[in-house]
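Novice: Make a model of the complete structure from these sequences and hints.
Chains C and Y are the protein sequences, given in the same order. If you're matching positions, the first sequence starts at 8 in the numbering used here and goes up one per residue. If you're matching positions, the second sequence starts at 139 in the numbering used here and goes up one per residue.
Derived from the structure by calculation, the hints contain no laboratory data. All clues stand as given, with none of them false.
Okay, derived cross-link-like pairs now, DSBU-like style, lysine-lysine, Cα gap no bigger than 30 Å in a straight line: (1) K19/C - K399/Y; (2) K399/Y - K372/Y; (3) K236/Y - K55/C.
Some chain Y residues judged to face chain C by a derived CB distance under 10 Å, without partners named: (4) V231; (5) T299; (6) A405; (7) L439.
By construction, the Cβ of each residue, glycine as well, lies at the ideal position given by its N, Cα and C atoms.
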Amino acid sequence: MKSLLRLLPFMKPYRRDAILALVLLLGVVFADLAIPRLTQRVIDEGVKAQNMTVILNTALLMLGVAVLESLVSVGNIILSVRVGMRTAADIRSALVRKVQTLSFGNLDRLQTGQLLVRATSDVNQVQMILMMGLRILTRAPIWAAGALLMLIFTAPSLAWIWLAMLPLLFGIVLLFMIKARPLFLIVQQKLDRLNTVLQENLAGVRVVKAFVRAEYEKQRFARANDDLMAQTIKVLNFVVFLMPLMMTITNLATVGVIWFGGNLAIEGKLTVGQIMAAVNYMIFSLFPLTMLINMIAPLSAADASAGRILEVLESEPEVQPPVEPRRPTITAGRVIFENVCFSYNHGCADAVLNDVNLVAEPGETVAILGATGSGKSSLIHLIPRFYDVDGGRVLVDGVDVREWPLHDLRSQVGIALQEAVLFSGTVRDNIRYGRPDATDEEVIAAAKAAQAHDFIMAMPQGYDTLIGQRGVNLSGGQKQRLAIARALCVKPRVLILDDSTSAVDVETESKLQDALDELLRTQLAHQTTVFVVAQRISTVLTADKIVVLDKGRIADIGTHAELLVRSPIYREIYASQLGNGRQ
Amino acid sequence: MEQRPTFSNEPRGGERPPVSIPLSGPGARRFGTRIEKPRDVRNTLRRLLSYLRPYRWTLVLVIVLVVASTLLDLLGPYLNGVAIDRFITRRDVGGLGKIALLMLAVYLVVWAMRVAQARLMVAMVQKVMRTLREQLFGHLQTLSLSFFDRNPHGDLMSRLTNDLDALSRLLAQNVTELFGGLLSLVGIVVMMFAINFWLALGSMFVFPLMLWFTGFVGKRTRQGFREFQMYIGKLNGELEEIFSGQRVILAYGQEGSTLAKFDRVNAETRDVGIRAQIYATLIPPLMGIFSNANIAILAGLGGWMILRGWATVGTILTFYNYSRRFAGPLRQLGDLYNQIQSALAGAERVFELLDQESEILEAPNAIVLDQVRGDVVFDHVNFSYTPGVPVIKDMSFRAEPGKTIALVGPTGAGKTTMINLLSRFYDIQSGSIRIDDVDLRAYNKASLRRKLGVVLQDTFLFSDTVMENIRYGRLDATDEEVIAAAKLANADQFIRRLPQGYQTELSERGSNLSQGQRQLLAIARAVLADPAILILDEATSSVDTRTEQHIQEALLRLMEGRTSFVIAHRLSTVRGADTILVINAGEIVERGTHAELLAQRGFYYHLYMSQFKGQVAMQV
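Specialist: Structure, rendered in structure tokens:
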């Protein structure tokens, strides 16, 4: 329960409501416990004494108690639901807020799908348990304790029956915890296995069909399916044996009360009313334990959820804003890498980038080329400080990026990432995402340069067409072009294209390059330094500088012509893309 | 870097068929209760019952046990009353002993019966679930690719998991609860009236109130939850967008605007949720209060009746216990209504999936394709994913046995679609595609696909060993054959360097291999399958130079002697092809060899030159 308790501070703003809910809960329990006692009075003082006034008055009192209880109970519900829902909404909000402060390094570890689960079903689990906590969870022990007190008070000579039942009940709880929980875990594993087979089958449907493997897949599924069934039956057989046993034990206790209490009554040591009250108190004091057993599973699930939530809330952003921010006097877009070394798990031994030295003058186009895993993306991610270097430094306009105010730095840099993620909204909103005050003309200019204007105009509502989850579907190439337009629209000093034309066909790409040159050279009021990461050699041919990366080190820097002469790696890449014919 | 799914089921680029509305159901399944209405309850129930038919004797036994245990259970409170009236007040210790033993016996028998009944149900329901899952999965294997394009995987997964889950709860718990609950309600009423008519009538006072109240709150709850559901959908959508776009948000410094938008949705959802949840939580405790009110009535009325000699103390105790038991089933019935409704809606979705017919039908006397020369003809082929939006227009060409056909053209031109048509993943609208002079549709589908070897750009791997992943190409291949295929595909080297060699377990979708390595495995798979006709979707990028050369060599080896269709990105493939088909907007705009097409100075020349900006022209 550790993790859940650590989330409790989120309830702080609502502690008045929460305390009030608990007070009202006490009222509910009190009312519940009063009823048998009042019944006893009807029997012992009213019926026995043939006193109609006592009977009537007590009955009216009971009715009053019931009415009062209903009011108190509704109050408790409203308050506990409110506290639970509000706390959960706050936790969710804290999660989303926290994610906004995280850096790419953190995000690599916490994947999108996982974050989503944490913000939805995990928060939901916690919310359920909070609401239950303010009602059932706290009520059960109070109820049990109160009923036991009343039992001792009403018929002290029968209280030992309760004590006798206790070890039995605890035995069951223990058995449940020790035996059933591991079994449930195995069921979960079997279920995961079944889902994996199913998911793979769906995702690989082309392969399955192409190789005509339906029968094989069915067998795979059948194995997982049968396993799951067998295990589920095993667990449930155990559970359905234990659960009714709890109720049976409560019933046995009432038989005990009737027998022993009856004997005492025959001896004249107890009244009939006392026996009746004792039967009820016995049920009241044992039944909550059954309720608690039913809570074990949701409680441990919620605790696990709380743990996952805390993992996000407590993760330390890897990129911290500078303590003493410094702003350069002029912003021109000069980027310098000085002895940079970088690795994703910190430590220059196993570095992704090693001893990188590179100068990009304002207005230059720098292309970065190299094999997969040679560190191309890592290199350019250091410029907007998506990650921090482990050694050396990266300077933008003479100031270490770690000293730049984060927001300022990033608004100097326009980046089109490898995977073009768009947001639901209009095309226009997506393009001016980084600069919401961009005019329509600026949006269109950016779209034209990115070769997106034509296909945007072909869409039903042009720039007002809705895209994303509930809108038009775009092809990969179209998304990439919109992402480039988005990067252009911020009019950055440093433009980074991170393999952002991979899904664009060659012809369109070459048009895009020309238009981009045009835009950067003539239309913007300032110079823009461009970094292009590319796989295709055609993309990089016209760059001012081509950086050839090999296993995290700069193998060579030069123009196409220079590199063709002196860099064997460059020649190799070049040759492989142009091929050496089959025949 | 964001992990991309390594295999996409959608045809790439502009060829992607529009994703139409999924079969049904809102996207918001992540949060608990959902309240839906089934459309055709009778039909759904009838079909559901057909699954229970094999277990009808088990069911009969269960019903008997439920009836017996419920009735016996009702005996408990009655015996309590009897004990007080007959034995305690009359000071009969012997009788008290007997009745205590009787009660003990009754409770133990009830417990045994409950256990027996529950175990029978568990076994039956789990078996029915297994059958349903098996049928669903088996049925999915027969559906055509266009079905999978149209229906999001999440939705299909949800039918096999969530919907079946709800269904199993319905069968295992809800039905017995409903039955047992109704039975004990009736039983209690009957017992009460049998024991003491007037006192029973008095107790009935709160009954209609309870009923009305359950109905009222239930209706509000459903309304509230329906609205809540909508907001949850919105909230989930918002969260999904934020998290998947998180890098972009950071890159553009839009944290503030993102949070503002999120806060609004979050607060709205919370407020709607509070309302819905309050109603949902109201019923159980208030039912308890109604029974307390009833006890007050019992005490007053009963006390008065005892004084008149019209009732006994034991009767009051019996009634007292009965009225406590009354609330339970009634409350359950309120909950059950919602649960049953949504379970039936789930069942409906499951059956709907089972009723989906494959759009690709097997010809009545399908020819089993055995020996293939590899003569492929497209004859005036027309095709569209959605009516009115042609993707392939009047396409005709012939591939002679053993020749290599390169398909070249911009994204969205229809290249992937052509390959899909050849594999008969989709059926064409007019014209014909023939292999060895016989229309594709006349062949047995499985035998056709066995003769086609497909190597896709994104290689799909299963979470299994490397050995089994290659063997997927031909299940009866020996280990030696698998290794031989891997060698031919240039994959053997890297496989041996893996921690457990061929026995290395691949993680989900082979994410522990590089894209190039995955591709080599796919080639090995195709080598093992030994197809007559080869279909290749070349990789464009993301592979390092050395691996690329390995892939290249392996592909050339694989293509030898087979009719090959290649969506070509590599110059070498294009140049080496026997025929290049230049595809644009669903039509063949040019055809010929590399040299011929260059000489034409048309579309191909343009495409080619733009790729290399004239620098290469000198070398060619």
